[in-house]
Amino acid sequence: MTETWIAFLRAVNVGGRKVEMARLRALLTGMGLSRVRTYIASGNAFFDAELNGPGERAELTAAIEARLLAEFGFEVPTVLRSTAEVAKALAAAPFEQVEVTPDTRLSIAFLSGPLTGLTLPLRSPKDEWELLGATEGEAYLVSWRLNGRVGANPVAALEKQFGVKGTARFLHTTAKILAAAEQP
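At position 88 of the sequence shown (counting the first as 1) the number is 1017 in the numbering used here, and the numbers step up by one without a gap.
Quick caveat, the hints were computed from the structure, so don't treat them as lab data. The reader is advised that the hints may include incorrect statements.
As the list claims (entries may be wrong) - Think about it this way: if two alpha-carbon atoms lie no more than 35 Å apart in a straight line, the pair counts; the simulated DSBU-like pairs of lysine-lysine are:
(1) K947 to K1055
(2) K1094 to K947
(3) K1094 to K1055
(4) K1017 to K1094
(5) K1105 to K1089
(6) K1017 to K1089
(7) K1055 to K1017
(8) K947 to K1105
(9) K1089 to K1055
(10) K1017 to K1105
The model shown is predicted, which means the values in this text are computed figures rather than measured ones.
The whole structure should be built from the sequences, with the hints applied where relevant.
In structure tokens, the structure reads:
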């Protein structure tokens, strides 16, 4: 069955890692994916495809990453989720007890696999972020601006500690990405 998929690309259009959305759409369309669209220039693409099982998802992810490397000259870690999976991740977000202030950021990290051996809650050494919960493929993060500055990247810490790759989106941005992906 054909589904709408969201490709979350990590670290594009920051630090000289320029990925133009028109080129990204052309690249994905050239791979045979249909109804390819993008949302804001931070690495969010949607497309329709029939993927039967985790093996096909892993193959498509690897193929997208290889094409991005060939096209843009740098690695672009990519995580694929169906719109149903993103909706489920949003519904499971454990942020109801978090006091949100102007310096608070709520995020979902989309990961390539589970955080094996995780003990919750997990806090950064400098109290810049906290991991409140995790599923087999998502991590729910709260981060704080301290003295007006954004701290260390929690995804990089999770990748190093748990041997996964991933990318995060703010909770409100994830909801907007899902809404855009679900448009006919």
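Against the structure, the hints come out as follows:
1. K947 to K1055: The hint holds at about 31 Å.
2. K1094 to K947: It holds: about 20 Å lies between the C-alpha atoms, which stays within 35 Å.
3. K1094 to K1055: holds, 22 Å
4. K1017 to K1094: holds, 20 Å
5. K1105 to K1089: Measuring from Cα to Cα gives roughly 29 Å; hence the hint holds.
6. K1017 to K1089: Cα-Cα ~26 Å, so holds.
7. K1055 to K1017: OK: K1055 and K1017 at ~31 Å, within 35 Å.
8. K947 to K1105: Given pair K947, K1105 holds - Cα atoms ~22 Å apart, limit 35 Å.
9. K1089 to K1055: At roughly 17 Å apart (the allowed maximum being 35 Å), K1055 and K1089 satisfy the hint.
10. K1017 to K1105: Since the Cα atoms of K1017 and K1105 sit roughly 14 Å apart, the hinted pair holds (cutoff 35 Å).
Comparing the model with each earlier hint shows no violations; every hint is respected.
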